[in-house]
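Novice: Below, each chain spelled out in residue letters.
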Amino acid sequence: MENRFDAIVIGSGISGGWAAKELCDKGLKTLVLERGRNIEHIKDYPTANLDPWKFRHRGMKTWALREESKYSGSGHEDNHFFYITDDDHPYVQEKPFKWKRGYQVGGRSLTWGNACQRWSEYEFTAPARYNYGIEWPLGYRDIDPWYTHVERFAGICGNLDGLDAMPDGEFLPPFDLNIVELEVQKKIHAHYRDRHMVQGRFSFLTEPEEIHRQQGRGKCMARNLCGRGCFFGAYFSSVSSTLPWAHKTGNMTLRPFSVVHSIIYDEKSGKAVGVRVVDTNTNEILDYFSRIIFVNASALNSTLILLNSVSNRFPNGLGNDSGVLGKYICFHNYRGQIYAKMDGFRDSYYYGRNPSEAIIANYRNLSRQDTDYVGGFTTFTGAYRTLLEPSTLQEIGGAYKDSLTEPGGWEVYMYMQGETIPKETNHVRLSTDKMDKWGVPLLVISVEYDENDEKMVRDFLKQGTEMLKVAGCHSIDAYDSHGAPGSEIHEMGGVRMGKDPKNSMLNEWNQLHHCKNVFVTDGACMTSTGNQSPSFLYMALTARAVDHAVREMKKGNL
Amino acid sequence: MERREAIARVSILAGGTILGAGIFLEKGCTSGPEEVLSLFDPQQIDLLNEISETILPETKASPGAKAANVGEFIAIMVYDCYGPSDQALFMEGMALLEKACKIKYRKGFMRCDPVKREALLVQIDTEQKAYMDEKGDEAPLHYFRMIKELTLLGYFTSEIGATQAMRYVAIPGEYIGVVPYREGERAWCTFDYFN
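Residue numbers (this note's numbering), protein chains in the order written: chain A, 1 to 558; chain B, 559 to 753.
None of these hints come from the bench; they were simulated from the model. Bear in mind that the values here come from a model prediction, so they are computed numbers and not experimental data. Any given hint might turn out to be false.
A few chain A residues facing chain B, derived, Cβ under 8 Å [what the hints assert, rightly or not]: (1) Pro52; (2) Tyr130; (3) Asp176; (4) Asn178; (5) Tyr350; (6) Tyr351; (7) Arg353; (8) Gln394; (9) Gly397; (10) His490.
Note that CB positions come from ideal geometry on N, CA and C, so glycine has one too.
All chains, full assembly: derive it from the sequences and hints.
Specialist: Okay, here's the thing in structure tokens:
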């Protein structure tokens, strides 16, 4: 195999796929490295078409499945093969952290939740405005055109809602709200001036356009089985969209089974020159070379690779003059959950299985500090009719059975996606005594909640309960799940962006301040978490960074 | 985050979250079809089919649990998903049920007619509900709660339950948020959404 390329992309997940597509579109010969096995669209979705009764445990987790992923968290019976097991990929939990990973081509883009809300200007500026973080080196205006670029290609459905806290983009038609969601929306809007319940924006092709047909993707069939892989290619993933696109250009070489050990730094030129790889089938150590390198191994693994890339110039990890590498790890807080019942509306139902959900846009700490904590939260919400709700007194026998075959009453849920605060103490580092089977030090993870998170959970539960009361719900059950960080799969930071090389790793173009031909555009780059689902921003940042990289290469600067 | 992870608490069975909770926490195994028979003999699977048929019998509207072979499904779930102590509780429960039947009717469950079977299970179900309402979080489940929940899960996710008792469309083609509903129309089988 050729070992020289124009560009190397480490990782084939949601941001690596975008790096591959953009680089190949611009004519660069690109090597994409993936530590796991290959996954081909459609061919490698073994359960995508199975009816519930085809599963031995009808989708329930067996004890064995739970046990093999006790720390990292498994998938379900229908998609556990898209997740790793504890024994294969150990790590050290200094504090409880569920590091849920999908090591295969496509990574976690195969199983992600597909939510694609744009960040608002509020989110970019809040950490500096309220003094809980450093200033982002870019703002909404810089990323706006790149959001549009990603929206057009990926296909995002949603409404134009005109909200500052959740900016509009170019959307395909949204999914419907059902009758109770419409009722909750009406009541909330009548009662609160500052709270807006709207349909969420999701990467589902509700009405595919030419650009999507060119990718071989089709309309969403409302099966809501996205996490198994979709035969219709209706949800966006690297496997359904960016990687096949990159492949078609003829410029991409995809190499699965390739664990990246480190980035090779050349002291003379002051540049990274390539990547050291361990082939997981042969254990061979192989070096690949390129002019630029995109690091998209997922937040914590990208951080690990840089920490493990040591040289005389960078004894503490590539580009790490500031000592910030591995620090300011943050995530999203999902602890607050609320369920409630809604009487009436028994004459209304829905057809099909809705893969989307509604959102109450963040209403906290926008243009002023209005709580005793910093940061904000997005509220996901939805309503459904319950199943197996008996309407007979005797819960044995024919009448009971027949009553169970009708839909029950309505329930409404809410859960939070809260901003957490980047802190130096929340960090990852390399183990000094434990290595994985490829000779890479294990990652030690030391991340926890703080008092700000506790206050935010309490506020979410209080406000959510109040909104559901306003909406006419009863039997409201609002609780704190106390779930460990990590399981939300929104880990961020470790290689954060910033204006000042003294307190950040990356500049406004996602380049290492001190090694300009290395770009980090996955969750590791995040300066703060905002309150929107993060993958969408990684995609936009990646496309923007590739554009910059190629312009700089043409100018001879890289 | 995968949406079904976020709303995982939504329970498959009304009134509880048992299937997703404690019963899965202890050690178990993963079976081949024959291995299940090391815990359950064929007669016990027949018995489970008759018990589940009594809970969810054939009606004019749809076939019963036995037609969907729910007895075998229950055995598989207990074997693969229950830990040893819950397995023991379940097996002991089957014996307790048989004993209660003998005390009430002086014969075993298999030899009772459907009317007697139903009366017995109504009595045990009443005990079960009282026990489950009173018990602390740490106390073991009532065995009949296990049987009943596995019966409901097994039946309504079977091909018969999903397509004849409820409604199931593999490929809906679209989602329509507001559709008129008339009482008596069957529910959409959407358990894949909840598990």
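Novice: Determine for every hint whether it applies to the structure shown.
Specialist: Quick rundown of the hints versus the structure:
1. Pro52: Because about 5 Å separates proline 52 of chain A from the closest Cβ in chain B, which is inside the 8 Å limit, the hint holds.
2. Tyr130: 26 Å, violated
3. Asp176: With a minimum Cβ separation of about 3 Å from chain B (threshold 8 Å), the hint on aspartate 176 of chain A holds.
4. Asn178: Constraint on asparagine 178 of chain A satisfied, holds at 4 Å.
5. Tyr350: Cβ of tyrosine 350 of chain A sits 6 Å from chain B, so the hint holds.
6. Tyr351: 4 Å, holds
7. Arg353: 6 Å, holds
8. Gln394: OK, holds: glutamine 394 of chain A within 8 Å of chain B, min 6 Å.
9. Gly397: 5 Å, holds
10. His490: 7 Å, holds
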